[in-house]
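Given chain A, work out where chain B with the ligands should sit, using these hints.
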Amino acid sequence: MNWAAVSAMYVSEMTRFFRTIAQSFISPVISTSLYFVVFGAAIGSRIDQVEGVSYGAFIVPGLIMLSVMTQAISNASFGIYFPKFIGTIYELLSAPVNFLEVVLGFVGAAATKALFIGVVILGTASLFVDIQIQHPFAMVLFLLLTCLSFALFGFIIGIWAQNFEQLQLIPLLVITPLVFLGGSFYSISMLPPIWQKITLFNPVVYLISGFRWSFFGTADVPVGLSLLAIAGFTALCMGAIWWIFRTGWRIRS
Amino acid sequence: MTAIVDIRDLRKVYDGGFEALKGITLSIREGEILALLGPNGAGKTTLISTICGITNPSSGEVTVGGFDVVEQYRGARSLIGLVPQEMSLEPFTKVKDAVSYSRGLFGKPRDDAAIDKILKQLSLWDKRNARVVELSGGMKRRVLIAKALSHEPKVLFLDEPTAGVDVELRKDMWDVVAELKAQGVTIILTTHYIEEAEAIADRVGVINGGQLLLVEEKDALMRRLGQKTLQIELQEPTQAIPETLAGYDLELVSEGQALRYTYDTRGESTGITRLLGDLSAAGLQMRDLLTEQSSLEDIFVGLVKEGAA
Ligand SMILES: Nc1ncnc2c1ncn2[C@@H]1O[C@H](COP(=O)(O)OP(=O)(O)OP(=O)(O)O)[C@@H](O)[C@H]1O
Ligand SMILES: [Mg+2]
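Protein sequence lines, in the order shown, are assigned to chains A and B. Okay, so the first sequence: first residue is 1 according to the working numbering, each after it adds one. Okay, so the second sequence: first residue is 1 according to the working numbering, each after it adds one.
Here chain A stands alone, though its shape is the one from the complex (with noise of 0.2 Å):
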């Protein structure tokens, strides 16, 4: 292992997040809040408890989940298009490094950001609603896991865009209808049951529930199927990668 390249290719990345840092803390703080007062306050008045708990705390493991999964990838897809953009690329393919040491080195900053405004909206929310956490152990993985899976699938996409609009094309049209109607302010329990059946087939189910059990102790679906789920994703993602590196897709020509 080139391990000079993943801390260099990771220290870059991370200066780069640095230089915002103040952006990057208070946006997340400040639409945590104005979740909070539209769907805490506005909505939560008139929905008392989702199965006994307060709408308020309900909610939180889905906004962790919204933002966490949304800036991976966009963290991800523009750390890896922006070299290809302005050429920089050129280094990355002349350098001895091999398609692990790339992705733990971009991938492994995409994520530590997106790890990092995870906790800081479960700070602000801390603040707004009281929140236990029943399961620490399996909230710290799930959100890992998801910081991880949607950094690669970010990646794939930075790689896979070939201007900008391609780069916001999936986020916008899959990832965050699937993230919204993947039941982060909602407990599928309470859709019609057509409904309940169809909203299965949404991968994002699955995370948002297995996240929310680690908080409250109960979930959607199965916990060992959530984690099955993210664990699949994460490893179709590495596959995708692995492959594109062996044949340069879309980066060598």
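To be clear, the hints were calculated from the coordinates, so they are not data collected in a lab. Note that the Cβ used here is the ideal one computed from N, Cα and C, for glycine as well. Treat the hints with care, as some may be off.
Stated by the list, open to error - What follows is a set of in silico ranges between Cβ atoms, one per label pair, in the way DEER data are often shown:
1. B:ARG110 with A:THR176: 36 to 42 Å
2. A:MET1 with B:ASP219: 43 to 49 Å
3. A:MET190 with B:PRO91: 47 to 53 Å
4. A:ILE198 with B:ASP68: 51 to 57 Å
5. A:TRP242 with B:LYS305: 45 to 51 Å
6. B:ARG110 with A:LEU127: 37 to 43 Å
Relative to the frame of chain A, chain B with the ligands by itself:
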């Protein structure tokens, strides 16, 4: 001397079907400076990119330091430093961070003293804390060179390093190149400036249309292909070339003060002895003789034309 870069029947067909390299075979010796000359679109950058791992070869083999560039890319790439033709740099990175980054990427442990030395050598020391966007074009070029040198490569590729560079930087650059050569680094550079190849290269390769037209010792190349001129200064100016000398390739210059004779050093004989005899016979008295070798430029233009014909 052993070959540090060995290229065998290398072909590159781009996705669109364009064949940019049509079977290049070339051995680059350890420690030499090889200049690659060729017009725009000849395939110089493609050749370098394929050796460095930026593009995949379509067929053929390349080894660097004995490592196959595809199968044993780690070994091969660790030995290579590349200064690309395009000026691609991260705009908001500090100069010294950009250079350190490259060192790390190539697997070398962090070494601030080594980076400082390179920055000083390339006159970037004053700008070490500046961000790349704040630099002029020539300074960015220096940063690219510093990045390529950051991991102490054994083989350095310079793809048109002097395009858009002022005289001073060019001089700095050749000083650096000379120093690297003294350390045993092999240097491959592409250029459109033939004087450059002439001034610093040990060998010259000419590429056109994806083919290597020739590779030769610079001196030998100039001897072998060079046309020479012999300038004959006369005691008394003459109005016209005497009839008896019509068979020679002669030209009247300096308002009749001198005759210029052009001959091919490749020919069986240069005809000089005979010419000098005939000159005396025609009653022309010689004051001085001067020979001049034609430049690489002339050779180059001649070769490319020949290849196109
Ligand atoms: N990515 C690519 N896809 C398709 N064709 C390409 C690509 N890159 C280069 N070419 C073509 O390959 C040929 C060789 O290009 P190359 O860049 O190697 O030339 P060069 O000798 O470096 O020229 P210059 O002196 O202008 O830098 C050109 O005809 C060019 O159009
Ligand atoms: Mg070129």
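To see whether the hints hold, each was checked on the structure:
Distance hint check: the CB atoms of ARG110 of chain B and THR176 of chain A are about 41 Å apart, consistent with the given range 36 to 42 Å. Judged by the Cβ atoms, the range 43 to 49 Å given for MET1 of chain A and ASP219 of chain B holds: they are separated by roughly 47 Å. Between MET190 of chain A and PRO91 of chain B the beta carbon distance is about 49 Å. The supplied range of 47 to 53 Å therefore holds. A hinted range of 51 to 57 Å for the beta carbons of ILE198 of chain A and ASP68 of chain B is consistent with their spacing of about 53 Å.
For TRP242 of chain A paired with LYS305 of chain B, a C-beta distance near 49 Å keeps the hint of 45 to 51 Å intact. Remark: the range hint 37 to 43 Å for ARG110 of chain B to LEU127 of chain A is upheld by a beta-carbon distance near 41 Å.
Violated hints for the displayed structure: none, as all numbered hints are satisfied.
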